[in-house]
Amino acid sequence: QSVLTQPPSVSGAPGQRVTISCSGTSSDIGAGHDVHWYQQLPGTAPKLLINGHTNRPSGVPDRFSGSTSGTSASLAITGLQAEDEADYFCQSYDGSLGEVIFGGGTKLTVL
Amino acid sequence: QVQLVQSGSEWKKPGASVKVSCKASGYTFTGASINWVRQAPGQGLEWMGWINTKTGNPGNARGFTGRFVFSLDTSVRTAYLQISSLKAEDSAIYYCTRDRGSPAGFDSWGQGTLVTVSS
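As you go down the protein sequences, you meet chains A and B in turn.
Per the numbering used here, numbering of the first sequence is gapless, rising by one per residue and ending at 111.
Per the numbering used here, numbering of the second sequence is gapless, rising by one per residue and ending at 119.
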């Protein structure tokens, strides 16, 4: 069972905005530990999408943005495109366990 | 450019062992830890643990102790994951990733190694 909670699926039409939530606890996100987001296209390795809550690595379109508040984080995707159809995972660190933790993943479907 | 290249798919019988390699290039090998992540078929990502490339000290996640060993050969810039006493439930894709420390995240991933355990 994943320690961070994500919705199993979200969907949106091309051009729309979608958000993916990532819920944690006072031991991980709530403790101020970094939140990172990864995109996994079908049949490929995950790719870093957002690091350190809000930073976009070079090459990641500005349609992707991250935010954190309290014990939760969110990934927002604006101007949805067909190529955004993928699985998205959040990641943080559990200070009480001393371990990296992932969310269960969210499948984004572009209608 | 930064690259992590993993060894090829493996098919093993229950009880056997497997060793997956992860060769790094394009950066200072000791400048980032190597982490290992498992993805069972159709499932999410599980952090297995990490190895400090400066000291060689490993750290295993709670669910990956005993049978799972992380090691290095810095002379060839390669990290290894060895799994012993393989079980059917070890069938998964295993990824190595690079972590340069907070707030970098896992910014480079190997292509993954599929390990299938079946009699």
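Hints are supplied without guarantee of correctness; some may be wrong.
Said to hold, decoys possible - Take a look, some chain B residues computed to stay more than 10 Å from chain A by CB distance: (1) G26; (2) G44; (3) N52; (4) T55; (5) E89.
Said to hold, decoys possible - Which stretches of chain A does chain B cover? Using the computed rule of at least three CB atoms under 8 Å from a CB of chain B, they are: (6) 33-39; (7) 53-59; (8) 71-77; (9) 86-97.
Said to hold, decoys possible - Each computed BS3-like pair below joins lysine-lysine, with the alpha-carbon atoms no more than 30 Å apart: (10) K47(A) <-> K54(B); (11) K47(A) <-> K12(B); (12) K54(B) <-> K107(A).
For the record, the hints were derived by calculation from the structure and aren't laboratory data.
Every residue gets a Cβ at the ideal spot worked out from N, C-alpha and C, and that includes glycine.
Each hint tested on the structure:
At the 10 Å boundary, the C-beta of G26(B) stays outside the reach of chain A, the nearest C-beta of that chain being 15 Å off. Against the 10 Å criterion, G44(B) falls within the reach of chain A, whose nearest CB is about 4 Å from its own CB. Consistency note on N52(B): stated as away from chain A, and its beta-carbon is indeed over 10 Å from all of that chain's, at 14 Å minimum. The Cβ of T55(B) sits about 17 Å from the closest Cβ of chain A, beyond the 10 Å cut-off, so the non-interface label holds.
Non-interface status of E89(B) relative to chain A is upheld: no Cβ of that chain comes within 10 Å, the nearest being about 15 Å off. Under the rule that three or more residues need a Cβ within less than 8 Å of chain B, the assignment of the stretch 33-39 of chain A holds, with 3 such residues. Closer than 8 Å: that is the beta-carbon criterion, and the stretch 53-59 of chain A has 3 residues meeting it against chain B, so the requirement of 3 holds. As drawn, the stretch 71-77 of chain A meets chain B at 0 residues by the rule of a beta-carbon pair under 8 Å; below three, the given contact is violated.
Given as covered by chain B, the stretch 86-97 of chain A passes the check, having 3 residues with a CB less than 8 Å from a CB of that chain where 3 are the minimum. Between the alpha carbons of K47(A) and K54(B) the distance comes to roughly 25 Å, so the proposed pair stays at or under 30 Å and holds. Simply put, K47(A) and K12(B) have alpha-carbon atoms about 28 Å apart, close enough for the 30 Å limit, and the pair holds. Between K54(B) and K107(A) the CA atoms are separated by roughly 37 Å; this puts the pair beyond 30 Å, and the hint is violated.
Of the numbered hints given earlier, the model fails hints 2, 8 and 12; all others are met.
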